[in-house]
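Could you build all of it, start to finish, from the sequences and the hints given here?
The listed protein sequences correspond, in order, to chains B and G. At position 133 of the first sequence (counting the first as 1) the number is 133 in UniProt numbering, and the numbers step up by one without a gap. At position 370 of the second sequence (counting the first as 1) the number is 370 in UniProt numbering, and the numbers step up by one without a gap.
Be aware that a few hints might be false.
[Claimed, not checked] Taking lysine to aspartate or glutamate and the EDC-like style, the derived pairs with C-alpha atoms no more than 16 Å apart in a straight line are:
id: 1; chain 1: G; residue 1: K31; chain 2: B; residue 2: E337
id: 2; chain 1: G; residue 1: K150; chain 2: B; residue 2: E27
id: 3; chain 1: G; residue 1: K74; chain 2: G; residue 2: E95
id: 4; chain 1: G; residue 1: K341; chain 2: G; residue 2: D222
id: 5; chain 1: B; residue 1: K150; chain 2: G; residue 2: E27
id: 6; chain 1: B; residue 1: K74; chain 2: B; residue 2: E325
id: 7; chain 1: B; residue 1: K320; chain 2: G; residue 2: E325
id: 8; chain 1: G; residue 1: K5; chain 2: G; residue 2: E36
id: 9; chain 1: B; residue 1: K31; chain 2: G; residue 2: E337
id: 10; chain 1: G; residue 1: K320; chain 2: B; residue 2: E325
id: 11; chain 1: G; residue 1: K74; chain 2: G; residue 2: E38
Think of the hints as simulated: they come from the structure by calculation, not from any bench.
Protein chains: 2
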Amino acid sequence: MKKVKIALLGLGNVGRGVYIILHQNKEEIMKRSGYEIEISKILVRDLNKNRGVEVPEDILTTDFEEILNDDSIKLVVEVMGGIEPAREYMLRAMEAKKHIVTANKMLLATEGDEVFEKAEEMGVMFQYEASVAGGIPIINGINENLTANKVNELYGIVNGTTNYILSKMELEQLDFDSVLQEAKEKGYAEADPTSDIEGYDAQYKLAILASLAFGTKVDINDVYREGITKIKPIDMKYASDFGMSIKLLAIAKDDNGRIELRVHPTMIPETHPLANVYDSFNAIFINGNAVGDLMFYGRGAGDLPTGSAVVSDIISILRKNIEVENQNPIIRNNLWEKQVKNIDEVESRYYIRVTVEDKPGVLGQITTIFGSNRVSLKSVIQKGRKNDESHEVALVLITHKTKEALINDSIEKLYDLRTVKDIENIIRIEDFN
Amino acid sequence: MKKVKIALLGLGNVGRGVYIILHQNKEEIMKRSGYEIEISKILVRDLNKNRGVEVPEDILTTDFEEILNDDSIKLVVEVMGGIEPAREYMLRAMEAKKHIVTANKMLLATEGDEVFEKAEEMGVMFQYEASVAGGIPIINGINENLTANKVNELYGIVNGTTNYILSKMELEQLDFDSVLQEAKEKGYAEADPTSDIEGYDAQYKLAILASLAFGTKVDINDVYREGITKIKPIDMKYASDFGMSIKLLAIAKDDNGRIELRVHPTMIPETHPLANVYDSFNAIFINGNAVGDLMFYGRGAGDLPTGSAVVSDIISILRKNIEVENQNPIIRNNLWEKQVKNIDEVESRYYIRVTVEDKPGVLGQITTIFGSNRVSLKSVIQKGRKNDESHEVALVLITHKTKEALINDSIEKLYDLRTVKDIENIIRIEDFN
Ligand SMILES: NC(=O)c1ccc[n+]([C@@H]2O[C@H](COP(=O)([O-])OP(=O)(O)OC[C@H]3O[C@@H](n4cnc5c(N)ncnc54)[C@H](OP(=O)(O)O)[C@@H]3O)[C@@H](O)[C@H]2O)c1
Ligand SMILES: NC(=O)c1ccc[n+]([C@@H]2O[C@H](COP(=O)([O-])OP(=O)(O)OC[C@H]3O[C@@H](n4cnc5c(N)ncnc54)[C@H](OP(=O)(O)O)[C@@H]3O)[C@@H](O)[C@H]2O)c1
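Next up, the structure:
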């Protein structure tokens, strides 16, 4: 059996998963890769931390140079996260002709080009399956198995924390704050959950997925982003009345070379496969012009699921000839230049929940505003008094498909009406056609 | 741009899909493969058939030797189906150092070893993504992206025709015969639907999937098989009362090196992701010891979806260096030897529907038989008279988990009871835990 030495940068959640899998599934991995893998060094910050796995003390190090300068280490697994020093370490490892596996979405979504180019320049292999949707093989799915397709649309539930929260809100009629609190206690949400609940995490992931699916460079700032904090139990209830679920979707569409990139809460038909993705599961739904509809579903995070992707990446590098240069697959994010639509140009149906004075003529005023903006309403539902003293009622408007700019304009005019007390929520509706 | 010549064997459904995709997505395919692909020959039986695509006449041939002897043809796409002459043609093409892409499940499930070995021997690349579940990248998913895992279980809805029929029966309360008739008219079922409705097609596919997932050789005859023809609307209704759906599942489990392989109608909880796979869609649900639960969902048949898999396989071959030998991935179906359980040894819960005489004491007789066989019943539900004159009632029994042998033995004894008029149906229940 051939032997190969590798190093890990980081031994947190993902690093632990990688460590466990390499030991627990040693026989499978040897047979499938043709190599006995030895983890010869692991970079950490704190040598004394309890890591939930027993690691021989002498392989932990706080000094990256030890890894860099060890020529017997052929492959480096970056699972430390963040931009720096992860970026610097990867670039230098590649310069030292080491192959790289990474799980770092933030880096790939922002500084991806630089590392791709360095891998190309140095002729080393570079794999990053774990960077999006953890254990789900969506990166290789797009890069290797959908290559015959023009991808038309991609819809992802790519953040487990927010899907857990929305699922709980939907299934148990709970409010956002209490579910978030519980999620924190159970470890499903971080102490500072901003990156998840405000959609930043999904934004990174969408930038990576869209860039690969469309073969174009994507600037993270071109991805429109909205989080889930404004979703109320009452929105969940109305959605359910309409036969809909609310999910935080990462959406990318290619409209004849002009692309849409957006992350926001979305009402989707409850019969759609994505609507049945509950709990902290992730799923990516793709429409390709040859394959039609395709969905990948699984665990988007966690030590072992994410480790599964990392270790499968390691195996895929080892199966190629690691001694031969330039075995990289073609980098595909600079094949086409595509223009990104502004969110104003996006077309969608909309759910709009407003509180208005319970007076005759209010409905007429509102429908007139939408009408004058060429927004046609599919339904206007009066949902009863808010409470008896206020003389306010809730109205739920569902529009036909229309440009977002026209919605925004209508909303501004609604605010001018004295009878409109508040625009409580606006949620985009996706019909998948 | 580099150029490469390929040949197709067959221009039926899949061949047409491949032809269309290679033309329609030419630019995508060029950029992603690095090659301009020319289809220089297509083997058919009938030169004059209308094929739904316009093909230059001079590339059609009925003579395989023309393809074999043309050294400029580097890659052969086998989409003719059947064992012979497909087997012979592939072996000879490989001997002539041509790379192969095939969609032929029947051949792979029965004579797979021979073609794998020939590919290895000749150092040519061999891809077969389209052979199972059409456009869904499940073969590469298992072979490339789940390699870090020990696969514990695999459950597939891998036959579109039967899933279409069962979906219609479930959603529209129709009976099997009328849905089958309609499916034939719509082209969802073949004139002779035996291979689909009796589970043979799923049996082939399971043999291939299990062999790859478990890294072991699978004899097609070791796959237990039952079709869907016995499913009645009343079974669908009872299933629904219990919160279950009925699907034709292809099931493979690895129980510490002893494996189960079976295709049969199965009741599954309606909350399970597989229960929401409707219409002619396919899905494969896998549990790996690292990745956890994972599901792939999409189109399992059709010209373009299947063509998508074939063309992506072509691209993946072209991306490697087609001039260099021995770039095959390691063949993984001979890594372990596993023993296959007999269906008698399988453990499951069971739904048993019987018609009995409406007499006092009958229930007692029946429960005594199960009890004496150590089969414990979870529920026994009497479903009212069949009709008023017969004095017969329907009983539905749901068992706890038990060995199939004990069920069979109990059923035999039931037949001996004079009060038992008929055992109408027995359906295995899968709880996924
Ligand atoms: N967690 C998931 O489920 C998941 C899923 C998909 C992708 N990812 C990605 O995987 C990466 C790792 O995530 P994680 O959850 O495992 O993170 P984590 O638990 O915070 O672990 C980070 C590890 O890196 C080490 N580290 C960080 N900065 C370092 C530095 N400057 N020098 C040396 N060591 C350093 C830490 O050392 P100490 O332990 O000594 O502090 C720790 O062991 C991130 O890019 C993340 O986005 C994570
Ligand atoms: N259909 C699907 O959706 C699907 C999905 C996944 C996998 N597959 C697999 O793909 C393969 C092809 O399926 P298909 O549906 O495309 O079959 P098909 O429509 O029956 O087409 C078969 C083609 O092969 C040609 N052919 C057959 N035997 C031949 C022979 N002895 N010499 C020369 N040409 C011959 C036929 O020529 P003529 O046209 O002249 O008769 C025809 O063009 C099969 O292995 C099938 O299992 C099919």
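So, going through the hints one by one against the coordinates:
no., hint, result
1, G:K31 x B:E337, "holds (13 Å)"
2, G:K150 x B:E27, "holds (10 Å)"
3, G:K74 x G:E95, "holds (12 Å)"
4, G:K341 x G:D222, "holds (8 Å)"
5, B:K150 x G:E27, "holds (10 Å)"
6, B:K74 x B:E325, "holds (12 Å)"
7, B:K320 x G:E325, "holds (13 Å)"
8, G:K5 x G:E36, "holds (9 Å)"
9, B:K31 x G:E337, "holds (13 Å)"
10, G:K320 x B:E325, "holds (13 Å)"
11, G:K74 x G:E38, "holds (11 Å)"
Violated hints: none; the structure is consistent with every hint.
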